[in-house]
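> Sequence:
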Amino acid sequence: MRNLLNFLLNFHFVILFLILEFFSFFLLIQYNDYQRASYLNSSSNLSGRVYKSLSNITQYLRLNKKNQELVIAVAKYRNISEDAYKNNQVSLVKVLDSVYIQQYEFIPATVINNSVNKQNNYLTLDVGTKHGIDKGMAVISPMGIIGIVKESSEHYSSVISLLNQNLRVSGMIKRNGYFGSINWDGVDYQRVILFDLPSHVEVRKGDTVITSGYSAMFPKGELVGLVDGVEKSERGDFLKVQVKLSVNFKNLAHVMVVKNLLKEEQLMLEREASHD
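Numbering (my numbering), first residue to last: 1 to 276.
Derived from the structure by calculation, the hints contain no laboratory data. All clues stand as given, with none of them false.
Pairs of lysine-lysine, DSSO-like flavour, derived with a Cα cap of 30 Å:
id	residue 1	residue 2
1	150	174
2	220	232
3	150	135
4	250	240
5	250	135
6	220	244
7	220	174
8	244	232
9	259	130
10	118	205
11	174	250
12	220	259
13	244	174
14	240	150
15	240	118
16	150	259
17	240	205
Okay, the calculated beta carbon distance ranges per label pair:
id	residue 1	residue 2	range
18	261	110	21 to 27 Å
19	202	143	25 to 31 Å
20	272	213	17 to 23 Å
21	251	154	24 to 30 Å
22	186	268	31 to 37 Å
23	135	193	22 to 28 Å
24	132	272	23 to 29 Å
Keep in mind the model is a prediction, meaning the values are calculated, not measured. All C-beta atoms, glycine included, are put in the ideal place defined by N, C-alpha and C.
Input sequences plus hints: build the corresponding full structure.
Rendered as structure tokens:
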């Protein structure tokens with residue numbers, strides 16, 4: 001109490017001045033139409049800008065939540081769709097659903113770190129071994145392929161981005177089925193190169209490029225992008241196809257990790273065959 005009294009005694013002139021200033025301002029606004037209109041106009045402009053900013057933030061958060069809900073819904077749909085199952089019957093006719101076994105499981109995840117401006121880029125996801133994630137799993141989005149899981153801790157995973165010069169993915173021209181190897185040349189984050197296509201193959205600008213399925217990671221048919229340009233290699237026996245990516249890597253938020261439930265069986269068989 002003594003400190004409060006000392007403060008009031010020491011600064012009573014300042015406090016009195018502020019009170020009089022506020023009272024004068026109130027009288028000016030209350031009894032002068034022009035000043036009152038100017039004040040209200042300025043106040044409205046300021047509050048309008050504040051509300052607009054808050055509205056933009058709210059809309060962004062709502063959109064981000066909607067995108068997350070969409071990816072979760074897509075993952076749930078793909079987990080029960082025919083694409084996630086493999087025909088387990090030696091027959092050309094589909095008879096019953098029981099003859100199919102599930103090959104792929106799709107696990108929704110959120111991107112919490114990402115880079116696009118390096119030669120070898122990586123992403124971090126908010127899912128890990130606790131959620132069933134393991135090294136070597138493919139990562140996709142509803143718009144196309146993203147990369148491959150490099151390492152996983154209990155709650156997080158590091159992903160080798162498609163924008164990484166050390167990553168190669170098997171891709172194919174959807175229209176004719178010819179396949180090659182997809183790799184990023186480190187130049188443009190919106191484009192990758194499809195190599196190793198024979199020079200006699202007809203490739204058109206606008207052709208769709210998808211994953212070939214010739215690995216135990218990416219399912220066949222996942223979108224990569226559209227052909228943006230074609231040129232021959234230096235030797236002239238192969239094509240170098242520029243592909244415009246369907247995914248905007250600068251705007252990644254929600255993805256899906258692909259778990260191949262038959263991966264170990266496939267890899268074991270391939271290892272045994274390679275030793276013959």
